[in-house]
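Sequence order for the protein chains is A and B. Quick note, in our numbering, the first sequence goes up one by one and the last residue is 421. Quick note, in our numbering, the second sequence goes up one by one and the last residue is 349.
None of these hints come from the bench; they were simulated from the model. Hints are supplied without guarantee of correctness; some may be wrong.
Output of the computed footprint for chain A on chain B, the stretches with three or more beta carbons under 8 Å from beta carbons of chain A [claimed, not checked]:
1. 121-133
2. 172-178
3. 236-248
Computed, partial: chain B to chain A, Cβ under 8 Å [to be verified]:
4. Q60
5. M167
6. A168
7. F206
8. I227
Even for Gly, the Cβ is constructed at its ideal location relative to N, Cα and C.
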Amino acid sequence: MARRARPLLALRHLTLVVIAFVMLVPFYWVVKTAITNENIYEYPPSLLPKQPHLFNFVDVWYLIPFPRYLLNSIVVSAIAVIGNVVFNAMAGYALTRKFPGRRAVLALFLSCMLIPFQATIIPAYLVTARMGLLNTYFGLAFPMLSTIVCIFVFKAAFEAVPKSLIDAARIDGLGEWRIIARVLLPLSKPAIATNVILSFIWSWNNFLWPLLITRDPQMQTLPLGLARFLSYMEDTTGALYAFAVMVLIPSVFVFLMAQKEFVRGLTSGATKG
Amino acid sequence: MSVIGTQAAAPPLASPRASRWATQRHRQLLLVACFLLPSLVVFVLYRIVPLGWNVVLSFEAWSPLKPARWIGLANYAEMWSYDDVFWTALTNTLIFIAASPIAIAAALGIALLVNSDLKGASVYRTIVFLSYPLMAVAVGIIWRWMYDERGGIINYALRSTGLVDRPIGFLQDFDWALPSVIFAEIWQVVGFYMIILLTGLQSIPQNLYEAARIDGAPAWARFFRITLPMLRPSLFLCIVVGILNSFSSFDLVYIMTNGGPGHATELLITHIYKSAFVQTRFDYAAALTVVQFALLLVLTIAANRAAGGNAGAVERD
């Protein structure tokens with residue numbers, strides 16, 4: 149059995165290595181272009197970077213208002229992350245309680261899940277305009293302040309806390325707020341991590357919504373800056389690719405650091421609908 | 033809010049103990065309502081209200097400076113008879129959705145390969161999944177560059193191996209543009225499908241396979257009789273994600289081709305965007321949105337039927 153399995157095992161590894169290669173080539177190619185000084189349209193292109201350097205990364209700071217885009221992206225992501233953690237935890241906790249209308253609220257949340265954000269962009273824009281939130285940080289973050297998937301992540305985490313622990317805390321005279329702060333939240337750290345990571349990545353990558361509601365260049369976020377850079381410069385300069393690499397770094401970093409929490413969040417969404 | 037209203041209307045209770053219980057209950061309901069409020073505001077403002085408003089808008093003639101006028105089905109009639117771009121975009125969207133089973137099949141293959149005690153399985157998994165959480169705008173820029181006629185590695189590989197004589201302008205060519213964009217989209221999303229399917233694979237009880245092995249079922253029979261049927265809910269979810277991706281691929285298409293050349297890569301969502309925010313025809317774009325949303329619902333329900341009817345079932349209590 150084992151002898152027969154060996155060539156099969158080698159074949160599996162070979163297939164996976166080829167797949168991994170296909171998945172990684174685009175990363176290599178963009179990084180190589182970003183750190184190369186040569187004319188990027190040279191043919192044949194060199195497969196290895198000649199005289200690698202980081203000038204392109206410096207260039208980005210001068211060619212466009214990169215610091216401003218970065219600041220905007222960070223502020224919007226921070227608002228979205230804080231909103232998600234606080235509001236989702238609150239809603240998740242509420243859903244662990246029994247109250248009249250609970251089924252209706254659950255049904256509402258689940259049906260909202262079926263409505264992709266892109267299907268609501270026109271009225272969402274009009275709603276935001278009516279509230280006077282166009283070109284504001286809050287307007288950028290508002291639709292992302294709470295996420296249904298993440299509410300269910302919190303709900304599942306709170307439900308996993310043993311009832312006896314909560315009862316004991318209640319007998320000790322702890323109020324509702326204290327039970328949440330001292331008992332439930334400390335036991336739900338993985339859920340908090342999942343919320344932080346998912347909401348950060350969603351908000352950091354978000355392009356369509358900022359494209360709609362920020363006409364003011366001062367309020368635009370990194371993805372918009374990247375798209376603007378592309379439309380000004382076409383694909384002619386290595387700085388474009390340096391810019392692309394820079395915006396990818398935070399999400400790649402967060403993902404590699406917290407892959408487990410990230411996957412848990414996505415798959416809990418998967419099993420919960 | 034109505035929750036509190038009904039409680040307040042309840043008749044006062046007689047015994048002090050019961051009334052203490054009632055106030056406590058009252059306070060708890062208030063707490064629940066307050067806790068739900070922020071999320072509900074977000075979802076009502078950005079999901080429920082827009083959905084309704086969108087439908088109303090699609091039956092009106094309206095622009096930001098003119099009062100709304102009810103025009104019935106005129107927007108839809110225009111779409112049906114006069115808007116060639118709509119039909120192109122609809123076809124492209126359907127092709128986009130129809131391509132997702134290819135990605136799901138590939139993801140299933142990868143999931144089967146990395147699901148086991150294979151050495152380094154987690155490394156492969158990370159590599160395949162790495163492209164999923166990336167900013168689609170940057171992914172679009174990367175793939176534009178991959179497909180480039182001179183600087184792109186794909187053309188270089190094809191030319192240096194002698195497969196083609198002259199470079200292919202993947203994103204400029206009417207026939208190549210849509211498949212090229214779809215390939216980039218698959219590259220980004222295949223890891224997500226893989227993760228969903230892996231979770232599904234790991235929830236299949238191992239004793240099913242043991243029993244089948246004892247009965248002498250060959251590997252292909254175990255795959256078709258156990259693995260595939262047990263994976264049904266996961267596959268259904270992948271298909272729903274594939275359908276939704278025709279909406280969320282806006283970023284990628286916008287950056288890679290902006291719907292061009294001509295309208296060769298126009299999707300309904302890019303057509304909606306251009307109608308509303310470039311031509312300022314919010315009313316007409318709302319009608320387009322209704323059509324795309326209906327398409328999405330019909331396809332999802334059909335997929336649910338095909339998956340056995342209860343795949344969408346979530347927590348019951």
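Would the stated hint for B:A168 survive a check requiring a Cβ distance to chain A of less than 8 Å?
holds, 6 Å
Would the hint on B:Q60 be counted as holding, given a Cβ-Cβ threshold of 8 Å to chain A?
Hint holds; B:Q60 Cβ to chain A Cβ min 7 Å, cut 8 Å.
Residues of the region 172-178 of chain B with Cβ under 8 Å from chain A, three needed, outcome
holds (count 6)
Once the shortest beta carbon distance from B:I227 to chain A is found, is it less than 8 Å?
holds, 6 Å
Verify this for me: three or more residues of the region 236-248 of chain B with a beta carbon less than 8 Å from a beta carbon of chain A.
violated (count 0)
Outcome, coverage hint (the region 121-133 of chain B, chain A; C-beta under 8 Å; three residues):
Our answer is that it is violated, as 0 residues pass the Cβ test (under 8 Å) against chain A, missing three.
Against chain A, with CB atoms and a cut of 8 Å, does the hint on B:F206 hold up?
violated, 20 Å
Hint validity - B:M167 Cβ closer than 8 Å to any chain A Cβ:
holds, 4 Å
Taken one by one, the earlier hints fail for this structure at numbers 1, 3, 7, listed in ascending order.
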